[in-house]
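K.L.:
Take a look at the letters that make up each chain.
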Amino acid sequence: MLVAGTFLGIHAAYWNETVLKVVLILSLALAVAGAFVQVYLFKMVSHLQSRLGPMESGPHGSLQLMAEVLKFLQKEDTRPAKADRWVFGAAPFLVIMSTMLIYVVIPIGPRGVVANLDVGVLYALAVSSISVIAVLMAGWASANKYSLIGGLRAAGQLIAYELPLVLAVVGVVMQAGSLNLQQIVASQAHFKIFGVGGVGLFAIPQFAGLLIFVISSQAELTQTPFDMPVAESELVAGWMTEYTGFRFLIFFIGEFATAGGLAALAAILFLGGWWLPGMGAHWGQLAWAREGVGLAVMFAKVMLVGFLIFWVRFSFPRFREDQLQAFAWKFLIPLSLADILITGIAKVAVRA
Amino acid sequence: MSVTEQQKIAYVSAQAADARINFELETEGMTLSIGPQHPATHGTLRVLVRLDGEQVVWADPIPGYMHRGYEKLCEVRDYAQVTTLINRIDWLGSFANEVPFILAAEELMGIEAPPRAQYIRTVLFEMARIANLTLFLGDMGVQLGAITPVFYAFRDREYVLNLIEGATGGRFHPNFDRIGGLKDDLPKGWIDETKVVMRRIRRFCDEIDDLLVGNRIFENRCRGIGVIPRDIALEYGLSGANARASGIDFDIRRDEDSPLAWKHADWKVWTHPDGDSFARFWLRQQEVRESTKIVEQLLDGLPAGPIRAKTPARIRVPKGEVWMHTENPLGEMGYYVVSDGSPGGPFRCKIRTPSFSNVSIVPWLLRGVLVPDVITILASLYFILGDIDR
Amino acid sequence: MPELPENVERAVNIPLGLAKGLKATFMTMLKPAVTVQYPRVKETVAPRARGVISLVEDNCTVCMLCARQCPDWCIYIEGHKDKEPPRREGGKPRTVSKLDRFDIDYGLCMYCGICVEVCPFDALHWSPEFEYSEPSIADLLHDKTRLGQWEQTVPEQPGLEAGADAPKGKKK
Amino acid sequence: MSSADDAPGLMVTEAPAETGAPEIGPPSPRHGEIVDALAAELGDGFLAHHYSAHDAWVRVAPTSWRQAGRICQEKLGLNYFCFIAGLDWQLAPDLGAEKRWDPDAEATEDPGDGPGNWSTGVAGGDTRFGVFARLYDVIRHVGLTLKTDAGDSAPRAESWVPLFRGADWHEREAWEMYGIEFDGHPGLRHLYLPGEFEGFPLRKDFPLLAREVKPWPGLVNVEGLPGEEGDEGEEAAES
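Residue numbers (my numbering), protein chains in the order written: chain A, 205 to 556; chain B, 567 to 956; chain C, 135 to 306; chain D, 2 to 240.
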């Protein structure tokens, strides 16, 4: 038996701990995805468009998410005749896998992290790029002209926006001096600008990084203004056209859980993760409550970034395919390189 | 708003031109059928498109899915029944269809509607235009991916439709125009309500300014796309905002001395030099603003008096022919009425609809264009299927 | 942006334009929504709205004008003649047409209003009632009793706008 | 404004080549210039013209139809192509009083009808079928309607597609609806109707089936009093 570790102050045998961690990740991912869909996609969007949104299910439409999930579950799970059986079936689970793996490294408190990897940021970004393969698999396997075009467009876009996503993070990592997410949060805690302590956000010095990160994550999620692959006016639903019922639900959850994951990464890297000015002090008996408060802070910051994503999604038209690529290669990447350059100079010259 | 550089337009036109050259190569492309059920076509228009990769090599719109045979039906109906029929041609601005037909019949019979009726006809004509074009402003956004403007459009258009229903009885099919005047006068309190709604429509136009016109992504998707030079527009008979976008300064309300009351209001006809999709969108937005001004000025100066001139009980239009056209929301709509003096309906009634000519340019316009731009161009031409198919 | 914005002026008003778009949607979120939740809250319909046609049976003299003028041929009328006691006593008994059947097929009707307008005896009126949809289209054929029931939903028309001539007799 | 009432029952065909004394002058000098310029250019191709309070009509010979269009487009500045459509002057014989749905409409059997003697409309015309077009000058705001004959049984006309590319659809519609062949048209194929549709719907002798099938509800069927026989109670329409 491997040494029983302590996780969140709970002493459990090795495999119990894994079960506990899996449950934590699943609930975290589903909670964030559910919150995004219910609060933003159903209610906030409707009020943005001066309408009430779903009001029938539950008081003031609160159980709409439940209704939606049940609707998908009872739908028939069809597969096109000429579809490539195994590849068609595997694509959604690949997406879900890549999303859940991001939550492994996300810290929600001083000791509340499933795996405190030293290469946390690199791991998270690497895992999030697996979804490109899943999209291509789905596009190709559904044997449908429109999903093929959608899949190819999506693959091109995800790869094009992977680069600025990573480059935007480099600035933060240089500033924090470590790839470990807990370290980044800690360094933001002690981060002083011009001698003023306690304002611990990397968003201020790395504002350009934050902008590029949010824009690129918008593109990673293929949301407007980057939703050419799933543009309804031409291709019905891009690579997800042929998916119905449970498989579509998996894709749906995958999409919004990734949104939650990227929002969490943005919150950690730029907005100080679970840190608040009072978090570092000695809590004495209440030490165990620190994780809960950390989770609440983390959740608030993720919802803030989520609000930004959905607000942009429902206010802008969409780019054309070539403009989208040109925007990434000719504007975002040079900007992020410049940002790294300036951070480097600042790091060496000013010991920021 | 900086006007597009000339060379940008020249570049895009050149790109379209050399796409036409490689059309002869007859590469084995994918034939895509956009429609007849498709969000970008207002109704059942099918556009057969042959692609070479993402570029359109050959396009052919196929109308006829909604052909109701108006010209044949008009020949077996009398004048009152034809009026109920023709406001279903362009069902978005439906009062505007009745006016030219009734003016044609009045010209043949030598009857002049009283001034109050002419004023109210013009007010309802402009409100039909507002109802029609506000929907376009919202719909152009949704074709390009911005889902929010169309909700604002439907919200504010609802007030205009309620006003039309309050006055005429029908939201979409008013059937309110009669030979010699109107069926009834305005209900009490209608004018003040209209003033409030006109201000609300202007606020909607400002919202569209913020949401779309000022938006750089929208500009990228529309500027320099679907450029129509002036002489090609004339050759195809483009009219309305599509023609004015190519620099043709032609508006029937101002240029012809029509019996309606446009000459009593001062308003401006906007034109745009570029001829691209952005120009067509921007022009229609200014047209809505001008229409709200016309409605307000005419309602202020509304003369008192009867609403309908004396007409014989049995309408007998004397023998003769007349061509009467007005500036409908979509363009120039006209009726060529041939009457043989019999008590029934017109002997022959040729209906010239704006969308028929506006869409006939699509085969020329769509060559060498990318697939997403096909949607933009079709949306910017703004045609209604009832108009094309009659 | 295909190429970098050369002058600063364009570089400034691009994000400004995008920000204005965001502000527009955000301000709308703060204002109350406009949805009317139909089955629970009903919008008031304009008194002149053409919802359904109602029939005053004893005004009708079976002159068939409405059925003849209807463009859609959706009014079916059958009547019979019978004797009426004379108005003045000792006068000759009057022969009068009585309605047997007066059906309007709302599956065909296009609500144009020609029948209401052309009726010389003021027997047909418009009522803004619109909630009479049926599961089967055959039930859209309203017979004269049903048309009679619509009569009490006919609203009192408010007056006309200032400057209009007084309406001449016939109440539309 | 007085609309020019033609001589009632214009039966006699206009003598060709005589320009016909216009009842009233051109509504505006611009109309006059255009018609005179066209008359000068076309010579004997210019058959007749007509003015009304607002408008001008010109009838040209079928052989100089395209030439008239080219002159208007290039020389006279009428370069806005409004529309082209067909005309069928035959009075529909079967649309008699009964089917005309107007009981007191007298029968429309016009003795003057028959090949070579149609009561055609403004600016006359000799054959059953005609083609008419409308051009407009967007700068000087003046419009002109051009007419020509297309023949009695197999109507033909010169196509305007080489002049105005927009004429393509209009001529396809006229071909589909009237059967008028346009020489020089790139591809006369159906625009509205399905491929295998036979017959030309807008011709006056094409029956409107919907009205054949359903009996007209306007027929008066008020049975008379039981006792009476013959007098006014019996016009229930068994006829």
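What the hints contain is simulated information worked out from the structure, not anything from laboratory work. None of these values were measured; they are calculated from a predicted model. Beta carbons are placed, not taken as given, at the ideal position from N, Cα and C, and that holds for glycine. Mixed in with the good hints, there may be bad ones.
Below, in silico cross-link-like pairs of lysine to aspartate or glutamate (DMTMM-like), each with a Cα-Cα straight-line distance of 20 Å or less [claimed, not checked]:
#: 1; chain 1: C; residue 1: K215; chain 2: D; residue 2: D37
#: 2; chain 1: C; residue 1: K165; chain 2: B; residue 2: D776
#: 3; chain 1: A; residue 1: K534; chain 2: B; residue 2: E785
#: 4; chain 1: B; residue 1: K754; chain 2: C; residue 2: E295
#: 5; chain 1: C; residue 1: K176; chain 2: B; residue 2: D823
#: 6; chain 1: B; residue 1: K829; chain 2: B; residue 2: E785
#: 7; chain 1: A; residue 1: K247; chain 2: A; residue 2: E260
#: 8; chain 1: D; residue 1: K76; chain 2: D; residue 2: D127
#: 9; chain 1: C; residue 1: K232; chain 2: D; residue 2: D37
Ranges between beta-carbon positions, derived for each pair [what the hints assert, rightly or not]:
#: 10; chain 1: A; residue 1: M301; chain 2: B; residue 2: T597; range: 48 to 54 Å
#: 11; chain 1: C; residue 1: I271; chain 2: A; residue 2: S261; range: 31 to 37 Å
#: 12; chain 1: A; residue 1: L541; chain 2: B; residue 2: M596; range: 35 to 41 Å
#: 13; chain 1: B; residue 1: G867; chain 2: C; residue 2: T229; range: 27 to 33 Å
Covered stretches of chain B (in silico footprint by chain C; criterion: 3 or more residues with CB under 8 Å from a CB of chain C, positions within the stretch not fixed) [what the hints assert, rightly or not]:
#: 14; region: 644-652
#: 15; region: 714-723
#: 16; region: 748-760
#: 17; region: 776-786
#: 18; region: 900-909
K.L.:
Would you say the region 900-909 of chain B counts as covered by chain C, given the rule of at least 3 residues with C-beta under 8 Å?
P.N.:
Contact hint for the region 900-909 of chain B vs chain C: violated, 0 residues under 8 Å.
K.L.:
For the range 48 to 54 Å, tell me whether the beta carbons of M301(A) and T597(B) fit it or not.
P.N.:
38 Å, violated
K.L.:
K165(C) and D776(B): Cα distance at most 20 Å?
P.N.:
17 Å, holds
K.L.:
Test coverage of the region 644-652 of chain B by chain C using CB-CB distances below 8 Å; three residues minimum.
P.N.:
holds (count 4)
K.L.:
Is K247(A) within 20 Å of E260(A), Cα to Cα?
P.N.:
12 Å, holds
K.L.:
How does the coverage statement for the region 748-760 of chain B fare against chain C, requiring three or more residues with Cβ below 8 Å from a Cβ of that chain?
P.N.:
holds (count 9)
K.L.:
For K76(D) and D127(D), compute the direct alpha-carbon distance and say whether it is at most 20 Å.
P.N.:
28 Å, violated
K.L.:
Check whether the Cα positions of K754(B) and E295(C) lie no farther apart than 20 Å.
P.N.:
Within the cut-off at roughly 4 Å; holds.
K.L.:
When you check the alpha-carbon spacing of K534(A) and E785(B), does it fall within 20 Å?
P.N.:
Holds. K534(A) to E785(B) sits at ~18 Å (cutoff 20 Å).
K.L.:
Check the hint pairing K215(C) with D37(D) against an upper bound of 20 Å on the C-alpha distance.
P.N.:
Violated, at about 67 Å.
K.L.:
K829(B) and E785(B): Cα distance at most 20 Å?
P.N.:
Measuring from Cα to Cα gives roughly 35 Å; hence the hint is violated.
K.L.:
Is K176(C) within 20 Å of D823(B), Cα to Cα?
P.N.:
With Cα atoms ~45 Å apart, K176(C) and D823(B) exceed 20 Å; violated.
In the structure shown, a violation is registered for the earlier hints numbered 1, 5, 6, 8, 9, 10, 13, 18, in ascending order.
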